[in-house]
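Engineer: Using the hints provided, position chains D, F, U, C and P relative to the given structure of chain L.
Listed below, chain by chain, are the residues.
6 protein chains.
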Amino acid sequence: MSKIAVINPNMSAGFTDKIRTQAQRTVYPHNQVVALNPDFGPDSIEGYYDEAFASVGLLSVIRKLDPTGIDGYVVACFDDTGVDAARCLTQAPVMGLCEGAIRFAQALAGRYAIVTPMFVSVRPLEHLVRKYGADRDCVVRAAGVRTLDFEGENATRAYNALYGAAQKSLRDDGAEAIVLGCAGMTDVAEHLSADLGVPVIDGVQAAIKMVEGLAALQLTTSKHSTYGTPPAKSYHGMFEGFAPASI
Amino acid sequence: MSKIAVINPNMSAGFTDKIRTQAQRTVYPHNQVVALNPDFGPDSIEGYYDEAFASVGLLSVIRKLDPTGIDGYVVACFDDTGVDAARCLTQAPVMGLCEGAIRFAQALAGRYAIVTPMFVSVRPLEHLVRKYGADRDCVVRAAGVRTLDFEGENATRAYNALYGAAQKSLRDDGAEAIVLGCAGMTDVAEHLSADLGVPVIDGVQAAIKMVEGLAALQLTTSKHSTYGTPPAKSYHGMFEGFAPASI
Amino acid sequence: MSKIAVINPNMSAGFTDKIRTQAQRTVYPHNQVVALNPDFGPDSIEGYYDEAFASVGLLSVIRKLDPTGIDGYVVACFDDTGVDAARCLTQAPVMGLCEGAIRFAQALAGRYAIVTPMFVSVRPLEHLVRKYGADRDCVVRAAGVRTLDFEGENATRAYNALYGAAQKSLRDDGAEAIVLGCAGMTDVAEHLSADLGVPVIDGVQAAIKMVEGLAALQLTTSKHSTYGTPPAKSYHGMFEGFAPASI
Amino acid sequence: MSKIAVINPNMSAGFTDKIRTQAQRTVYPHNQVVALNPDFGPDSIEGYYDEAFASVGLLSVIRKLDPTGIDGYVVACFDDTGVDAARCLTQAPVMGLCEGAIRFAQALAGRYAIVTPMFVSVRPLEHLVRKYGADRDCVVRAAGVRTLDFEGENATRAYNALYGAAQKSLRDDGAEAIVLGCAGMTDVAEHLSADLGVPVIDGVQAAIKMVEGLAALQLTTSKHSTYGTPPAKSYHGMFEGFAPASI
Amino acid sequence: MSKIAVINPNMSAGFTDKIRTQAQRTVYPHNQVVALNPDFGPDSIEGYYDEAFASVGLLSVIRKLDPTGIDGYVVACFDDTGVDAARCLTQAPVMGLCEGAIRFAQALAGRYAIVTPMFVSVRPLEHLVRKYGADRDCVVRAAGVRTLDFEGENATRAYNALYGAAQKSLRDDGAEAIVLGCAGMTDVAEHLSADLGVPVIDGVQAAIKMVEGLAALQLTTSKHSTYGTPPAKSYHGMFEGFAPASI
Amino acid sequence: MSKIAVINPNMSAGFTDKIRTQAQRTVYPHNQVVALNPDFGPDSIEGYYDEAFASVGLLSVIRKLDPTGIDGYVVACFDDTGVDAARCLTQAPVMGLCEGAIRFAQALAGRYAIVTPMFVSVRPLEHLVRKYGADRDCVVRAAGVRTLDFEGENATRAYNALYGAAQKSLRDDGAEAIVLGCAGMTDVAEHLSADLGVPVIDGVQAAIKMVEGLAALQLTTSKHSTYGTPPAKSYHGMFEGFAPASI
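Residue numbers (my numbering), protein chains in the order written: chain L, 85 to 331; chain D, 85 to 331; chain F, 85 to 331; chain U, 85 to 331; chain C, 85 to 331; chain P, 85 to 331.
The reader is advised that the hints may include incorrect statements.
Treat identical chains as interchangeable: a pair holds within one or across any two.
Simulated pairs of lysine-lysine, DSSO-like, Cα-Cα distance not exceeding 30 angstroms [said to hold, decoys possible]:
| id | residue 1 | residue 2 |
| --- | --- | --- |
| 1 | Lys307 | Lys317 |
| 2 | Lys307 | Lys215 |
| 3 | Lys307 | Lys87 |
| 4 | Lys87 | Lys215 |
| 5 | Lys307 | Lys252 |
| 6 | Lys87 | Lys148 |
| 7 | Lys307 | Lys148 |
| 8 | Lys148 | Lys317 |
| 9 | Lys215 | Lys252 |
If you are wondering where the hints come from, they were derived from the structure by calculation, not from laboratory data.
For reference, chain L alone in the conformation it holds in the complex (with noise of 0.2 angstroms):
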């Protein structure tokens, strides 16, 4: 049995209940599943400027967590905020939705388009794909909307710009599979892959079954250099309680 924990790295909760419904319909029957978000920070994450401050936040919540036996993190945001400073703070693995998702992407098809919701997304994710080293087979495309259009009224409206950026990545660059390029997508997945007709990959669903993955075999971040371990120091002001020394 492995504990999963799903951290929205922002503070909507309605966000961060779409997500605990897909975890908890995702994870393997043996496994158990908490998902919750941070006590502070800005409602949601759309650029450097909002990332900067949902890191904070997403370690606060490992930091209380840890303790408690947590052996796998899922950082439930595509711009996988926070991931690299995550993996210092604990040993548990620690995966973010677009690293997820484009591992299995790159299974599925020789090409494959990222689908985010608005156009001002698609540099950093590019940059973040170039990091994972997929950028030769991953193009990023916008559906140029907003990531609370696809709830309440404006939900259809949503999904059918979603399938029509798809549909053109389909066709104008070649993209054999789609990736959901926001968590706030989770729950389209499925219906998107029969319209389309191409395999959907939802990045939620896929960090937690890489993270269970890595659990079950007790694999753990490795300590040596890149992850390791914060050197104790002082923390001032705001930041005293987060100083390494107290982790």
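Structural biologist: For chains D, F, U, C and P alone, coordinates are given in the frame of chain L:
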């Protein structure tokens, strides 16, 4: 419940037994595993020449198994023999040991080393690593032993050579984790990890977990282009039975 | 005097005849050429599945020819089927059409396009181009026809589609030369070059000239590592006769 | 006249003083410089965990300074902590030490080495170098000392270790110039250059010159996409005051 | 005080005047600038053939100027003609327009476009961009006019073509900033930036600021290997006076 | 019958004689070869400075030869001096020694080493290798001797240094074949190959065979963009006679 097939593409039954044992220890309790090898082909796979023949053997096994309802395939050879061809043949996800192990290592370490038995495998594995977009963070080293040395009376000497090469890579290459570069080492991962103090990733286990994850999410290989079903055509002579028309 | 073998790895005798005619027109007068195909395997090669079987056929031909004193081999298939395995089997230089054509194109143009008949070949050829280190200057496009369309009554329509795709690549991709992406187009290079006003490189001719050059200099494949002779071992079942011991 | 802010993202006042001294010596006489650090955060930055917190501190300083009319920012940390987020926050150009130093080194040498104090920084710096497109000509080496060793009684020993590592890189890596991989070494550049006989580039000085140049030309960060102003949204808890709406 | 030489490697005096005016407006008040062109060579530089001759002219100017005490050189041609050779000849830092502009653009935008007058320059500039490690974030486009069109009666039409190509690149390529790909456009940067609403980088100004910065820090070209002083040897015929012995 | 011109871009007549001898031994009996050098320029080419002058000499020779009907040019210098400019000047194919040798090496070995006489050539050759897309499989090493050492009394010592460096690269770099990195070694290939037991590729021979092949197929340099004919313009002073108008 998923049914996972682990195929050793060479004819060594002892090897297949070892892999089956590991596979049975590895799969989730709710899944089922079969491990087998082809009826024809080479006793082991050492280089591109052997690979060409082993690929046909692999495909012959998949042709037989596929109608029985397999949810995912592991090609139990670290040079990922025939994986591309297999992905054209079946809709079930297919994973080689090298690809599976690399995807797990990428999540655990900033740099890692594949340690393979023979020097002659280094260059072909480097080409594979490059194909997977991992060449900037992954080095390939050889222990200077043969695969079969891990069995019987030479086992201790072989293990020591593996340990020495891994240790050297941690020190000189800046590796932070080790990937076992041969299916035949599948049973030493835990021991080696304890001795080295860093994560050691076994491809058999990693590939199984990847495929179990893909199968659990009902993700299948895209038939859109790269891995499209082979167009029907005539096959002649000893390959008559392998014509795609009769798939 | 060098003796060059041009091997069509599929079973289409008509195709082999066409290639033989081109080969005989192409070799230097002081050289000798044989063109043949295996006794078994697929009628054509369309994708990774067919390649797996055609590779074995290719190796069977080389095994037979090598003792007769061949100075260089051309694998007359644009996806360079089995070339790596062939280089392990013989000391004579081995060249595929794609590699040969790319090496010539690189000397003649700053950017060039491979135009291949079917869309399904684009992605596998892109992977090949990348393997050869040419992906920054080479694009791959499809004419949207089948190889066999270049024969018989569809020939004019097929040529027009090829011309259209090449023309489009000159305009939109900035291509400055065209590489014919299929052995079956070997006889249209001159015509197409006249129509387009740019160099058109045919892989059959380019690979033959590369191999004649290597043979003239008595350069052979290095047996040091990547293409080392396969270690002797047992082969079983229908591949019994292919054991490396009996090479 | 330009007003340049040099921000040390950690809390070490001694470090900030050292950087201020260097900055004052460095800026053109017609320019003005302020050097300061945040009111909260870690005493030093050693790895991704510390970076996450220091980024927030950096942003807090820029929020305060920006309304006072700053023409350019230098983030005085060699791992370029928070630079991307800072570029979203202000229109004034922002430069980290690593990026600034690399741009100067690229103009002076065909190959160069970053020498950083601790081994643990090598991998993260390599990732940064890769992000800047410089990994083919730049190697990263460690002197095997701590940053603080460059102060007080250990200073000579630390300098010698730095000299040794640089010397070794000139000889073994083919480096032709040295980049000081830590803001804390900012005062040894001239000395080391004289001892080694090759250019030694200090990031503090290089980044200041880059930013002064950008400011003199009135060039500002593009707000078009990657570094667009963060959309207004609610921030909660201890980050309430940092909401982008109130920028 | 630094003395900066801006060398136009072609023979167009009008061009040199324009560059001189821009250089004088650009240098810091405490610095001094000279702008000149060789006594021989082509009237303009359009492609590799012209570059070969212009390089010799460039070196002839540096040979004359260097003994007068120059602190930095700008090669005022966007294809960075002869920059590598110039770096071998003098210890003072040398910067071409393309390299200077790219270094500034990299700090201001996640993706940017070089817009050059003629289509024929696109490919050579792409090779230069690649050499500078910037090809992942930089695209090269042409306005479809000639450089001289920016003078006299065609000036408005030329500007409009430049504006159109830049606008198109912002929209279709995702460019976030524009680099002027020719020294002859040096006076339109401000205007174009106002029209487009994104930063526009002029290579003349950027290269001057880079070189002023290097000179202010007394950084010089490494003579260790790549840019080592040419070994003394005999030069014959019309190049007799250029022998390195007499440098 | 093809007429091949082999041009030594430096003024060393002894060197030209050596190359002519090799060229005459190398060309096919039905072809004709001329070998010559310019009337002016440096005695040897050691670095970028010498290259700038030698390029002009090279072009002067091609201008004279081209009207006599040359079917292909070899630039007999391993740093491929002026090859790009030469391709703009003539329609006949042009090949440098480095490019020719690399294309042959790529077909014979998975990894190979260029061994050049002087350390100072290593970095420029590495840039050339990268330009040709071969940097992943090719290393550059120096023997630590001067080119002229291969003549006269130092010849044995020079050969031994070359042998030692090649041997070391086979062992330490995993090289499987050796490329002779200087035209002056053109006569030791056979001897060295026998001593080392791996293929040794001489650029003079390889480039001749490439050009003979291109010429036999009547393939010419594309004039479409990169290597387009230089637009007519005025050339002044000592370069007056080189104006493209008079080509």
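Engineer: When no copy is specified for Lys307 and Lys252, does a C-alpha distance of 30 angstroms or less occur within a copy, between copies, both, or neither?
Structural biologist: The answer is between: 17 angstroms across copies meets 30 angstroms, while 43 angstroms in one copy does not.
Engineer: Between copies, within a copy, both or neither: which fits Lys307 and Lys148 at Cα up to 30 angstroms?
Structural biologist: within (20 angstroms within a copy, 37 angstroms between copies)
Engineer: How would you classify Lys87 and Lys148 at a CA-CA limit of 30 angstroms: within, between, both, or neither?
Structural biologist: Result: close within a single copy only, 14 angstroms intra versus 38 angstroms inter.
Engineer: At most 30 angstroms between C-alpha atoms: does Lys148 with Lys317 qualify within a copy, between copies, both, or neither?
Structural biologist: both (19 angstroms within a copy, 26 angstroms between copies)
Engineer: If the cut is 30 angstroms between Cα atoms, do Lys215 and Lys252 qualify within a copy, between copies, both or neither?
Structural biologist: both (25 angstroms within a copy, 27 angstroms between copies)
Engineer: Is it within, between, both or neither when you check Lys307 against Lys317 at 30 angstroms Cα-Cα?
Structural biologist: within (18 angstroms within a copy, 37 angstroms between copies)
Engineer: Are the CA atoms of Lys307 and Lys87 at most 30 angstroms apart within a copy, between copies, both, or neither?
Structural biologist: For Lys307 and Lys87, the Cα distance is within 30 angstroms only inside one copy (21 angstroms; across copies 35 angstroms).
Engineer: Using 30 angstroms as the alpha-carbon threshold, which applies to Lys87 and Lys215: within, between, both, or neither?
Structural biologist: Classified as within; 28 angstroms inside a copy, 34 angstroms across copies.
Engineer: Within, between, both or neither: how does the pair Lys307, Lys215 come out at a Cα-Cα threshold of 30 angstroms?
Structural biologist: Both: 20 angstroms inside a copy, 23 angstroms across copies.
Hint check: no violations occur; every hint is consistent with the structure.
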